[in-house]
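For this one, chain W is given, so just place chain S on it according to the hints.
For the record, the sequence lines run as chains W and S. To convert, note that position 162 of the first sequence is 162 in our numbering; the numbers rise steadily by one, no gaps. Converting from the second sequence to our numbering requires adding 271 to each position, the first position being numbered 1.
Any given hint might turn out to be false.
Stated by the list, open to error - Now the in silico label distances, taken between C-beta atoms and shown as ranges:
hint: 1; chain 1: W; residue 1: S56; chain 2: S; residue 2: R385; range: 42 to 50 angstroms
hint: 2; chain 1: W; residue 1: L134; chain 2: S; residue 2: S431; range: 45 to 53 angstroms
hint: 3; chain 1: S; residue 1: D299; chain 2: W; residue 2: G222; range: 40 to 48 angstroms
As the list claims (entries may be wrong) - Covered by chain S, per the in silico footprint, the following chain W stretches (three or more residues, Cβ under 8 angstroms):
hint: 4; stretch: 78 to 85
hint: 5; stretch: 101 to 110
Hints were generated in silico from the structure; no laboratory data involved. Note that the Cβ used here is the ideal one computed from N, Cα and C, for glycine as well.
2 protein chains.
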Amino acid sequence: MLANTTHLFDVATKVTAGDSRWQGHTSDDYWAFVGPFGGVTAATILRALIEHPQRSGDPLSLTVNYCAPIAQGAFDLDVRLVKANRSTQHWSVELTQDGADVATLATAVFAERRPSWSHQQAQFPGASPFERTLPYPSPAMTWSKQYDFRFVEGEPKFGSAMVTPPNTYSRLWIGDRAPRRIDALSLVSMSDAFFGRVFHARRELVPFGTVSLTTYFHADAGDLAAEDTTRVLAVADAKIFHKSYGDQNGELWSPSGRLLATTSQIAYFKA
Amino acid sequence: MLANTTHLFDVATKVTAGDSRWQGHTSDDYWAFVGPFGGVTAATILRALIEHPQRSGDPLSLTVNYCAPIAQGAFDLDVRLVKANRSTQHWSVELTQDGADVATLATAVFAERRPSWSHQQAQFPGASPFERTLPYPSPAMTWSKQYDFRFVEGEPKFGSAMVTPPNTYSRLWIGDRAPRRIDALSLVSMSDAFFGRVFHARRELVPFGTVSLTTYFHADAGDLAAEDTTRVLAVADAKIFHKSYGDQNGELWSPSGRLLATTSQIAYFKA
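So that you can see chain W by itself, here it is in the shape it has in the complex (with noise of 0.2 angstroms):
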């Protein structure tokens, strides 16, 4: 049963409307290292796109550029509609704090999708049920306790020696912790919900930070509504660390074996 109270989530990305400026606030339940957890931040910047005036069809990918770290408090959201077409729009949205530097740089498209030839190349990668795996003790960060993540494969192994090659891939179950239905803001907050790659790879917590994060949405809001899930299966995995800065790509599929998005990020780490 999903409760008909308004979900933490939903409180944390909560935008209120403008012309072209919007504002949101950050959301001490979703906090992180040294700002707000970067999912929530993308979500909140894609609800600002979902709930315009001028928005006509789906997510169909966003890019988010985290470009400084975000203080407590609230930001404004500068929201614009670059190019309209007839059945996709670009936007560009600029978050700023207190009219300071741009801290977040995002770039999204919308599309209004069509009936086409369907195929999915992809393989479910399959898991044991949600029910019969075991939650992921909550670490210390706060943004992680609003996620019920179950490892099948993968979990961290933190505090043990390395292994060689290093285990960077994980397949995983995540939910909000307070089930909540999987909408494309809880699929971009996902994406950017896995652990770093670096602490499997390492095993241990080495400072880390999202510098740019790209979801593609493969369902729309009709594929969604139609699987009305709460969970994900998630899949992340790594290329490569070089020079302070690792890549992730991930999926995330609906429990009937449905790909509901792709994601992929660089990250900084120091190690």
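Same frame as chain W, but now just chain S:
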């Protein structure tokens, strides 16, 4: 031997410096279906950033959103340093023609990459040597004549019946037709030089256009100079085709087995 004369690719991606407004020009040598080849547009944007007097560090990530067709002729690049930190820079670039709507919108991150723990998790795909791999006959599009494609696996099979499941994976050498040393500019252009995955899957040409392209650079200028190569071993695959959009993910490797760049894109198709 590399020619000492100016390479076609460098002519095609030439930019003229302005203050915040730079100029470029489409190239008939890199023309695609209904506009310039998107890889060269992306490389031109990246060149403006690399040549910008305020630029510091190497390209780390580039996202290019193709908003509208670009007409043959001159264009302006509005280049903006959105935020500079101690070791990273965040840029945005808008391409316009004759003061009209934005045709291409890009964001980029540059970074001064410091030594760190380094590990290449992805496996080098390997291939028969370039010299012993057959060149693919040039398709009709002008831009593709500027590249030397040598398929090791997954060459397009136009005009034959679709197979189940369709093959969307390709592994091929890519070099400039007239050899040119691989740099960040050629990497971003080659990121978009794969044939549309939907062409491979359907074994036919269908209306197709990249909507958003993201490339992460895993080698800085020093790393690329050390590789000193004129070709990459490239792999590409797709995960899904649904409601008129499909994805692509790819890797660009040096012949010695170093992962130079990873790339993903979402593209429109009609089928």
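**Prompt:** Given a hinted range of 40 to 48 angstroms, is it respected by the beta-carbon distance of S:D299 and W:G222?
**Reply:** Check passed, 43 angstroms falls within 40 to 48 angstroms.
**Request:** Just tell me: holds or violated, for the beta carbon distance of W:L134 and S:S431 against 45 to 53 angstroms?
**Result:** The hint (45 to 53 angstroms, Cβ to Cβ) holds, given that W:L134 and S:S431 are roughly 49 angstroms apart.
**Item:** Whether chain S covers the stretch 101 to 110 of chain W (at least 3 residues having a Cβ closer than 8 angstroms to its Cβ atoms)
**Value:** That given contact holds, which follows from 6 residues of the stretch 101 to 110 of chain W lying within Cβ reach (below 8 angstroms) of chain S.
**Request:** With a C-beta cutoff of 8 angstroms, work out whether three or more residues of the stretch 78 to 85 of chain W approach chain S closely enough for the coverage to hold.
**Result:** It holds: at least three residues are needed, and the stretch 78 to 85 of chain W offers 3 whose Cβ sits within less than 8 angstroms of chain S.
**Asked** At the C-beta level, are W:S56 and S:R385 separated by a distance inside 42 to 50 angstroms?
**Response** Between W:S56 and S:R385, where Cβ atoms are some 44 angstroms apart, the hint holds.
In this structure, every one of the numbered hints holds.
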